[in-house]
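Student: Chain residues, written in single-letter form:
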Amino acid sequence: MAKNKRSKRLHGLSMQIVPFSEVKELGIPQRVKKILSLILNNKIVVLQGRLRSEEEARLIEDTMALVDHVKNFKGIELAVIEPNIKNAGFFVKMKYGLAKSLIGDTSSMTVIGPASVIKEIKRDPKQLELFFG
Amino acid sequence: MIRIIKDFSKLFLRRENIRVGFYGPPNAGKTSLANVVCKDWTGEEMGEISKIPHETRHVQFKEKVEIKYKGKSLTFKMVDTPGIATRIDYEDFLKYGLKKKDAKKRAKEATQGIIDAIKWLDDMDAVIIVLDSSQNPYSQVNITIIGNLVARKIPVLIVANKIDLKKADIKKVEAAFPEYEVVGISAKERINLEEFYEALMRLAKKV
Numbered sequence: 001m002a003k004n005k006r007s008k009r010l011h012g013l014s015m016q017i018v019p020f021s022e023v024k025e026l027g028i029p030q031r032v033k034k035i036l037s038l039i040l041n042n043k044i045v046v047l048q049g050r051l052r053s054e055e056e057a058r059l060i061e062d063t064m065a066l067v068d069h070v071k072n073f074k075g076i077e078l079a080v081i082e083p084n085i086k087n088a089g090f091f092v093k094m095k096y097g098l099a100k101s102l103i104g105d106t107s108s109m110t111v112i113g114p115a116s117v118i119k120e121i122k123r124d125p126k127q128l129e130l131f132f133g
Numbered sequence: 001m002i003r004i005i006k007d008f009s010k011l012f013l014r015r016e017n018i019r020v021g022f023y024g025p026p027n028a029g030k031t032s033l034a035n036v037v038c039k040d041w042t043g044e045e046m047g048e049i050s051k052i053p054h055e056t057r058h059v060q061f062k063e064k065v066e067i068k069y070k071g072k073s074l075t076f077k078m079v080d081t082p083g084i085a086t087r088i089d090y091e092d093f094l095k096y097g098l099k100k101k102d103a104k105k106r107a108k109e110a111t112q113g114i115i116d117a118i119k120w121l122d123d124m125d126a127v128i129i130v131l132d133s134s135q136n137p138y139s140q141v142n143i144t145i146i147g148n149l150v151a152r153k154i155p156v157l158i159v160a161n162k163i164d165l166k167k168a169d170i171k172k173v174e175a176a177f178p179e180y181e182v183v184g185i186s187a188k189e190r191i192n193l194e195e196f197y198e199a200l201m202r203l204a205k206k207v
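Here the protein sequences line up with chains A and U, keeping their order.
The first sequence begins at 1 in our numbering and counts up by one.
The second sequence begins at 1 in our numbering and counts up by one.
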């Protein structure tokens, strides 16, 4: 019975993987718009790579503007997980930095979902835990 | 170009004109700390505090706060900002006993407050990020705020507030942000404020 309840609740949960190649040519407003249009369709977006800090700030700003104008939209949950290279050697860091500057940050992963679907994302340095509401 | 003009103008900025912003997630104690600093050095408080999140929904200022501490002096404009969050649900406020109409109003004001707080980042010379040391510091909002400050080359001091709470864990905050100075305090209980003022002086020197 409990199992049925749970599967009923998660029914219709939709996830969209967005490869880095799909957003790399877009400017900040277009990237944010693309992400938010998916979120407004109740999709959980898994983005290859990560947004730049100014894009994340813009995403929060635009999200707040939408909360004000779109009925039942409560905002987003957002988290990034990236490879831990803090303790890596000089050459590994250099290789990572070079690849990042040439082709963008594709080794990270960003999860963004509607706050009405994702209650909370708990992040520690190594893992992400999604709690559904 | 704007960045270059800003960097250039900083060369001629008098130290007493610096703007120090208080940033962080909601209910971390930004206004509590701002009140402590204001009360200590101007005799007045900065703003209302509450257990209900998003009590500060407008950017608040205190002009010319002058700190004289251990022979050093610092005058600055203090800017207390609304807590930055990625979600606002008026129903969360109902749990604190607010009426539906008031909760909706609070939510509307809170969303605008967040937008304003982000816009104000450009105008800061230094920022104190206030975190609740009893909460998980690895939140994307904290990382986003710090990332934006780094991109703007704005010096940062992290204050791990509420160290009087049992669940407080300063080491976790330090581990989350190893590149920044972290000062553990309790604004409410006035714990470790001397260390905070010393760190504030060091922060102002970086401007």
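Do not take every clue at face value.
What the hints assert, rightly or not - Pair ranges (Cβ atoms, derived): (1) A:P125 / U:K101: 24 to 34 Å; (2) A:A65 / U:N136: 20 to 30 Å; (3) U:K64 / A:K71: 39 to 49 Å; (4) U:A151 / A:K34: 19 to 29 Å; (5) A:S107 / U:K99: 47 to 57 Å.
Rather than coming from a laboratory, the hints here were simulated on the basis of the structure.
The beta carbon of each residue, even a glycine, is placed where N, CA and C say it ideally should be.
Student: For each hint, tell me whether it holds in the structure or not.
Tutor: Comparing the hints with the structure gives:
For P125 of chain A paired with K101 of chain U, a C-beta distance near 43 Å fails the hint of 24 to 34 Å. For A65 of chain A and N136 of chain U, the Cβ-Cβ distance of about 27 Å falls inside the hinted range of 20 to 30 Å, so the restraint holds. Take K64 of chain U and K71 of chain A: their Cβ atoms lie about 45 Å apart, and the range 39 to 49 Å holds. At roughly 22 Å, the beta carbons of A151 of chain U and K34 of chain A sit within the given window of 19 to 29 Å.
Our hint of 47 to 57 Å for S107 of chain A and K99 of chain U holds, since their Cβ atoms are close to 49 Å apart.
This entry does not satisfy hint 1, going by the numbered hints stated previously; all others are met.
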